[in-house]
Amino acid sequence: MSAKRMFLIDGSAVFYRSYYVFIKRPLTNSRGENVSGIYGFTVFLMKILLGEKPDYIAVVFDTKEPTFRHQMYEAYKATRQKMPEDMEAQFPAIREVSQAFNVPWIELDGYEADDIIGTLARQAEQEGIEVYLATADKDFMQLLSPHIKMYNLRPGADSADIIDVAAVKEKYGLSPEQITDFLALMGDASDNVPGVPKVGQKTALELLHQFGSLEGIYAHLDQVSKPSIRQSLAEHRREAELSRQLVTIHTDVSLPVGLEDLRVRPFDPHTVVQLLEKLEFRSLIPRIEEYTGVEVEMAPTSYRAAKQNYQVADTPEKLRALADQLRRLDFLVFDTETTGLDVFNADVLGISLAWQKREAWYVPLNCPENSGKVSADEVLHTLKPIFENPEIKKGGQNIKFDALMLWQHGVELKGIAFDTMIAGFLISPDSRQNSLDALAERYLNYKMIPIEKLIGKRGKKQKSMAEIPIEEVAPYACEDADITLQLKEVLEKKLAEHQMEKLFYTVEMPLVEVLLEMEKAGVSLDVDFLKQMSAELGQEIDRIQREVQEMVGEEVNLNSPQQLGTALFDRLKIHAELGKRPPKRTPTGQYSTSEATLQKYSGHPVVNKILEYRKLVKLKSTYVDALPQLISPRTGRLHTSFNQTVAATGRLSSSEPNLQNIPIRDERGRKIRRAFVPADREHGFILSADYSQIELRVMAHMSGDPALIAAFERGEDIHATTAAAVFNVPIQEVTPEMRRKAKEVNFGIIYGISRYGLAARLGIPVEEAEQIIQNYFIRFPKVNQYMINTIAFAQKHRYVTTLLNRRRYVPDILSRNTSVRENAQRVAINTTIQGSAADLIKLAMIHIHQRLQQEKLQTKMILQVHDELVFEVPEQELEPVKHIVKQEMENALELAVPLKVDIGVGKNWLEAH
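Okay, so the sequence shown: first residue is 654 according to this note's numbering, each after it adds one.
Among the clues, some could well be false.
Unchecked claim - Ranges of calculated distance between the beta carbons of each label pair, as one might list FRET restraints:
| hint | residue 1 | residue 2 | range |
| --- | --- | --- | --- |
| 1 | Thr1388 | Val1558 | 43 to 53 Å |
| 2 | Leu703 | Lys1116 | 32 to 42 Å |
| 3 | Val1558 | Ala1413 | 13 to 23 Å |
| 4 | Thr992 | Ile1417 | 53 to 63 Å |
| 5 | Gln1424 | Pro1359 | 22 to 32 Å |
| 6 | Ser1255 | Gln1424 | 22 to 32 Å |
| 7 | Gln1243 | Ser881 | 26 to 36 Å |
| 8 | Asp1181 | Asp977 | 49 to 59 Å |
| 9 | Glu1248 | Pro1527 | 40 to 50 Å |
| 10 | Asp1555 | Ala1413 | 28 to 38 Å |
To be verified - Mimicking PhoX-like on lysine-lysine, the simulated pairs with C-alpha atoms at most 25 Å apart in a straight line are:
| hint | residue 1 | residue 2 |
| --- | --- | --- |
| 11 | Lys657 | Lys717 |
| 12 | Lys730 | Lys791 |
| 13 | Lys657 | Lys730 |
| 14 | Lys1253 | Lys1233 |
| 15 | Lys1100 | Lys1146 |
| 16 | Lys1113 | Lys1067 |
| 17 | Lys717 | Lys735 |
| 18 | Lys791 | Lys855 |
| 19 | Lys1184 | Lys1324 |
| 20 | Lys1560 | Lys1513 |
| 21 | Lys931 | Lys1147 |
| 22 | Lys1010 | Lys1147 |
| 23 | Lys1539 | Lys1553 |
| 24 | Lys717 | Lys706 |
| 25 | Lys677 | Lys1435 |
| 26 | Lys706 | Lys657 |
| 27 | Lys1268 | Lys1324 |
| 28 | Lys1067 | Lys1155 |
| 29 | Lys1067 | Lys1100 |
| 30 | Lys971 | Lys1010 |
| 31 | Lys1539 | Lys1435 |
| 32 | Lys1173 | Lys1146 |
| 33 | Lys1553 | Lys1513 |
| 34 | Lys1146 | Lys1449 |
Don't read these hints as lab results, they were simulated from the structure.
From the three backbone atoms N, C-alpha and C, an ideal C-beta is built for every residue, glycine too.
Build out the structure end to end from the sequences listed, making use of the hints.
See below:
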């Protein structure tokens, strides 16, 4: 009969490890609260309880009270930082989790968790129980014996590392009895255990390997070979002995529980599931049901896998029957299965549709010819009137993609009403996970069929969806439509809870149609001009390369960091010429030659040449050479994708390619815009409409500052006005340099810039930057008050909102870490301003789109670059379009200040801008 097993969990260690493993990207719930620690702890506990199936278990924690170690050494743990506030807020839930799983929770004033664990471990060992200490803390190695082992389960690992006596011997060459001496010699900075100065891990091991113990070392102190170590040991014997007392785990603590109290007892699956629902850990629920064999009824908002009715309409009769049902609907969800994700080079393989829970149809478009099955033409002919009927509302996940795919097959989708990806993003804008799989797991506790199950993992052996038999594709495709429908019901309620229904239905969903038309339109490129520009850049790049070779005095590959670093810092020693230190070396041993590093040596002519070389190479490869390659052979135009679910502020982004990122600060970068031309070169024009200082105007409106509002109402140069205020000079005496600095101040304030940030940006002393900020707030006091109020609101509610009630969570706003907290404050202020400006331009885009349609104009909106809209306009429509664009942009929302739009027209984007 195998021995009984006990697992003793070091709760604090697991909690801290779980919190910090996600520190760069914390896990948050739908309210934006950090739940990393709770989630990691829950997963850890479940892996032990459900996976290891122990006979005994306990979770052990420290208390906040001082222990006997503090009485021995007042400075014990004095250097330990206080638990972060967003971590501390999670602690009550840790206890809830333990209670729900019926796992004993043990803590005892005056003692640490280590002592409780040590005592229980020794007691259990005496009873013949195999003990596993669930921790990675090497202090516990002193407890190891043939029946006591450490169980180190790393986050994300499937199995634990078991550390036993042999493992300690192999790693350190020590027995468990020597561990206290080992720890005493080294000390422990995290617990403020002093140890012996100059004795680190390597030296401590050498000493113990030679002398066996602390007593052995001091008995043979004269034999310690290194004089500095010998002296330090002699001078700090008291500290060494004190440290050993501090690190020794007590195993004779009088405890309020016995071993029988730690026996694993059944938990109530309903209680656990209810708690996991509350914590939004729905993906963990299936494991509870699997372990207990009990299927738990979920809350109404959760989806449970029941018997689904998924059907395939692959014959003319089934297709007609399906179409008859679809024509009678008010709302349906659909999804397309395609050969790829590039809309302009992919084909539709099939369409899935759902309008009732757990029911869906799949209509294939790739049935074999002469099989008696439906043809692609027949499917499209039958479904086209349904998709083009605006009275039948449509929903989807990233519905714009599916609409584009239908358009490629001659179907103009009408009645776009709901997009689960956009709804999920609005509810949790900082979440990077808004795929259908992620939303299903988050809101429905449902794990979807992974696409890899059909086509295999990425790589050469991965199949195309076109190769997969229809009978295998159908369940996958039907599931997509079915789950999207399920999500719609849940997300509708969530939008209402977050007061974002109006934003969703009046801004984000109408915008889908606008972006859809923009992506269809694409942009026309002057490829000949780009070829000419590429040749010119190539000549410049070659020239700079030759000049650098001459300056270095040898042939060097400017694209090789290793060769470049050697040439600059070993051969030329440019750092010495500039009176600076050489840069740090990378992990591979070579000098860093990153742009940030080279900027520090930009006073040297060869470095300036290299930076110029890199800029030109990037310009040529990323834009000038790349853009023509991306022109669609089907349309002859360049098509970007505009994304509503990327920037947490609500700004649109552009990808594949990113046309919002074309350089504008230098002449060569701006020149690329010369290639963006109307398709009709003779009679067409490019019109650019740019909001003037939109974010500053939004700040004026939201702060209600009378001086700022008055400046905009009078049509003043706001940067000159600010310069006059912060430099205390009459406006007529403002110099161009003063105005430049004031411009940095104006836009810096919006981003919550600090005095240090402003000083760095302007190249001035911190004291001068602080005075400039103070002068700004004296001139515009309500701006300062608005920022204070915004931060206070964020501290109270953990989120901020824009003019149209877009919500963004700022969970770090109460962090005790100054840099983290100040960054959250900047995010809070910037989001309200930049997010409101984003809302405003989205409204303008919707209104302009509607006007162009109503007036049956041929003009196309082709680009949005944050505050700028770009149009392709026939010559005869120039005047009416100018009027429409200006009117709709300047009246998109009624603000306390006038909105001003600058309009330019030209034969290309550069001329128009």
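Here is what the structure says about each hint:
Thr1388 and Val1558 have their C-beta atoms about 33 Å apart, which leaves the hinted 43 to 53 Å range violated. Taken as a hint, the range 32 to 42 Å holds for the pair Leu703 and Lys1116, whose Cβ atoms sit roughly 35 Å apart. Checking the proposed 13 to 23 Å range against Val1558 and Ala1413 shows it is violated: the Cβ atoms sit about 39 Å from each other. Taking 53 to 63 Å as the suggested C-beta distance range, the pair Thr992 and Ile1417 conforms, at roughly 58 Å.
Taking the beta carbon of each, Gln1424 and Pro1359 are about 23 Å apart, inside 22 to 32 Å as hinted. Against the hinted window of 22 to 32 Å, the Cβ-Cβ separation of Ser1255 and Gln1424 comes to about 28 Å, which satisfies the hint. Distance hint check: the CB atoms of Gln1243 and Ser881 are about 34 Å apart, consistent with the given range 26 to 36 Å. Between Asp1181 and Asp977 the Cβ separation comes to about 54 Å, which falls inside the hinted range of 49 to 59 Å.
Evaluation of the 40 to 50 Å hint for Glu1248 and Pro1527 yields a pass: the beta carbon distance comes to about 44 Å. Taken as a hint, the range 28 to 38 Å holds for the pair Asp1555 and Ala1413, whose Cβ atoms sit roughly 31 Å apart. Annotation: proposed proximity of Lys657 to Lys717 is violated, straight-line Cα distance about 33 Å (limit 25 Å). The suggested pairing of Lys730 with Lys791 holds, with an alpha-carbon distance near 17 Å, which does not exceed 25 Å.
Distance check on the hinted pair: Lys657 and Lys730 sit about 36 Å apart at the alpha-carbon level, beyond 25 Å; violated. About 9 Å separates the Cα atoms of Lys1253 and Lys1233, which keeps this hinted pair within 25 Å; it holds. Using a Cα cut-off of 25 Å, the hinted pair Lys1100 and Lys1146 holds, with the two alpha carbons roughly 21 Å apart. Taking the CA atoms of Lys1113 and Lys1067, the gap is near 39 Å; set against the 25 Å cutoff, the hint is violated.
About 11 Å separates the Cα atoms of Lys717 and Lys735, which keeps this hinted pair within 25 Å; it holds. This hinted pair checks out: Lys791 and Lys855 have alpha carbons roughly 16 Å apart, not beyond 25 Å. Between Lys1184 and Lys1324 the alpha-carbon distance is near 13 Å, which keeps this suggested pair within the 25 Å criterion. Only pairs whose Cα atoms come within 25 Å are accepted, and Lys1560 paired with Lys1513 is accepted, the gap being roughly 15 Å.
Taking the CA atoms of Lys931 and Lys1147, the gap is near 14 Å; set against the 25 Å cutoff, the hint holds. Of the supplied pair hints, the one linking Lys1010 and Lys1147 holds, its CA atoms being roughly 19 Å apart against a limit of 25 Å. Between Lys1539 and Lys1553, the direct Cα distance comes to roughly 8 Å. Compliance with the 25 Å bound is thereby established for this hinted pair. Straight-line distance between C-alpha atoms of Lys717 and Lys706 comes to about 31 Å, which puts the hinted pair past the 25 Å bound.
A threshold of 25 Å between alpha carbons decides the hint, and for Lys677 with Lys1435 the separation of about 35 Å lies outside it, so the pair is violated. Of the supplied pair hints, the one linking Lys706 and Lys657 holds, its CA atoms being roughly 10 Å apart against a limit of 25 Å. A C-alpha spacing of about 14 Å is found between Lys1268 and Lys1324, which places the hinted pair at or below 25 Å, so the restraint holds. Of the supplied pair hints, the one linking Lys1067 and Lys1155 holds, its CA atoms being roughly 21 Å apart against a limit of 25 Å.
Using a Cα cut-off of 25 Å, the hinted pair Lys1067 and Lys1100 is violated, with the two alpha carbons roughly 31 Å apart. Taking the CA atoms of Lys971 and Lys1010, the gap is near 20 Å; set against the 25 Å cutoff, the hint holds. Restraint check: the Cα-Cα separation between Lys1539 and Lys1435 comes to about 30 Å, which exceeds 25 Å; the hinted pair is violated. Only pairs whose Cα atoms come within 25 Å are accepted, and Lys1173 paired with Lys1146 is rejected, the gap being roughly 33 Å.
A distance of roughly 22 Å separates the Cα atoms of Lys1553 and Lys1513; the hinted pair therefore holds under the 25 Å criterion. A threshold of 25 Å between alpha carbons decides the hint, and for Lys1146 with Lys1449 the separation of about 24 Å falls inside it, so the pair holds.
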